[in-house]
Amino acid sequence: MTDLSEFNMSDGELFSHVDHSALESEKITAPRYSYWRSVFRVFFRKRINVVILTLFAIILAFTYIYPAINHYDPYANILEGWTKHLTPSVAMEALGHNIHYILGTGASGQSTFDAVWYGSRISVSMAFLCAAINLTLGVVIGAIWGFSKKVDMVMTEVYNIIGNVPYLLFIAVLVLIFSAGFWTMVFALTITGWLGIAYFIRTQVIIIRDREYNLASRCLGTPITRIAMKNILPFMTSVIVTLAATEIPSYISYEVFLSYIGMGMSDMSLGRLIYSAENAMLTPGWQFEFWSPVVVASIITIVLYVVGQNLGDASDPRTHM
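Here the sequence shown stands for residues 1 to 321, where the numbers follow our numbering.
It is possible that some hints are incorrect.
Claimed, not checked - Pairwise CB distance ranges, derived in the manner of DEER restraints:
no., residue 1, residue 2, range
1, Ala-132, Ser-179, 22 to 28 angstroms
2, Leu-168, Lys-230, 33 to 39 angstroms
3, Val-51, Thr-319, 18 to 24 angstroms
4, Thr-283, Thr-237, 46 to 52 angstroms
5, Cys-219, Ala-68, 41 to 47 angstroms
6, Tyr-213, Ile-299, 41 to 47 angstroms
7, Arg-211, Phe-187, 35 to 41 angstroms
Since the hints were made in silico from the structure, they are not lab data. Ideal Cβ positions, reconstructed from N, Cα and C, are used throughout, including at glycine.
Model the full structure from these sequences, guided by the hints.
Now the structure itself:
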């Protein structure tokens with residue numbers, strides 16, 4: 001048995017009085033949690049996401065910055081007959097070794113490279129605008145739809161009627177009725193485009209609306225709209241991000257397809273470029289006019305989809321453990 005006197009310590013040195021503080025007892029010692037910080041930490045944990053995000057930034061730079069600093073005139077060389085349908089090597093040799101002619105020239109002697117990015121700006125802008133409108137309307141209306149039985153009765157009938165009309169056919173009819181332009185395409189893609197999103201959100205809301213914390217909020221008299229906005233939608237952040245990942249590329253695909261069959265925008269979008277260069281697809285030496293916008297449209301849609309899907313996965317709180 002060790003004698004405490006050997007250490008020459010008094011009772012005051014061995015023990016100390018601890019004061020009780022109600023304020024200190026309420027403090028949480030767990031580390032501070034930031035949802036979006038955790039989202040980006042999980043997202044950037046995968047190196048492939050960094051590569052894809054870098055590619056996405058390059059695409060956006062060429063889509064918006066490059067056309068802004070380089071004036072594009074599709075008819076600048078139209079009077080120079082020898083500049084039409086040049087391959088990249090011939091175009092760079094004849095017109096100068098610069099970035100404008102690395103994809104050759106088109107039917108009017110224009111730079112195919114400049115035309116592709118000018119068209120990308122129109123297509124991507126249309127896709128982002130349509131996605132913003134449809135997602136906003138779809139998420140808000142879908143949240144209310146899933147909580148209100150009166151709204152559910154009306155909106156279900158509306159969905160059963162409109163949802164059975166082929167979406168692509170509906171867009172084509174609207175484009176034919178109105179003048180084929182940028183805002184006509186936006187109107188055609190958003191007039192009913194939000195309905196499918198709203199129905200999906202309604203289904204998700206029904207799954208979680210009767211959980212305990214929502215029942216408690218309703219018993220306390222909390223308005224339905226507030227419950228939907230504060231209790232439901234934040235819980236569905238990853239679902240909404242995943243929806244955006246699928247919606248944005250789909251609008252570009254719709255525009256490209258409709259323009260390819262001659263029913264799209266009259267503006268020089270990616271689809272319009274593909275439609276105009278259709279005859280060049282089978283002509284030896286002219287293939288760059290057709291395949292350049294096809295490849296760029298494919299890359300843009302794939303990158304947008306992958307970035308959105310990976311961000312949607314990172315938005316799921318269950319991945320933050």
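Now for the hints, and whether the structure bears them out:
1. Ala-132 <-> Ser-179: 22 to 28 angstroms: holds (23 angstroms)
2. Leu-168 <-> Lys-230: 33 to 39 angstroms: holds (37 angstroms)
3. Val-51 <-> Thr-319: 18 to 24 angstroms: holds (20 angstroms)
4. Thr-283 <-> Thr-237: 46 to 52 angstroms: holds (50 angstroms)
5. Cys-219 <-> Ala-68: 41 to 47 angstroms: violated (55 angstroms)
6. Tyr-213 <-> Ile-299: 41 to 47 angstroms: The hinted range 41 to 47 angstroms holds for Tyr-213 and Ile-299, with Cβ atoms some 44 angstroms apart.
7. Arg-211 <-> Phe-187: 35 to 41 angstroms: holds (38 angstroms)
When the structure is compared with the earlier hints, a violation turns up for hint 5 alone.
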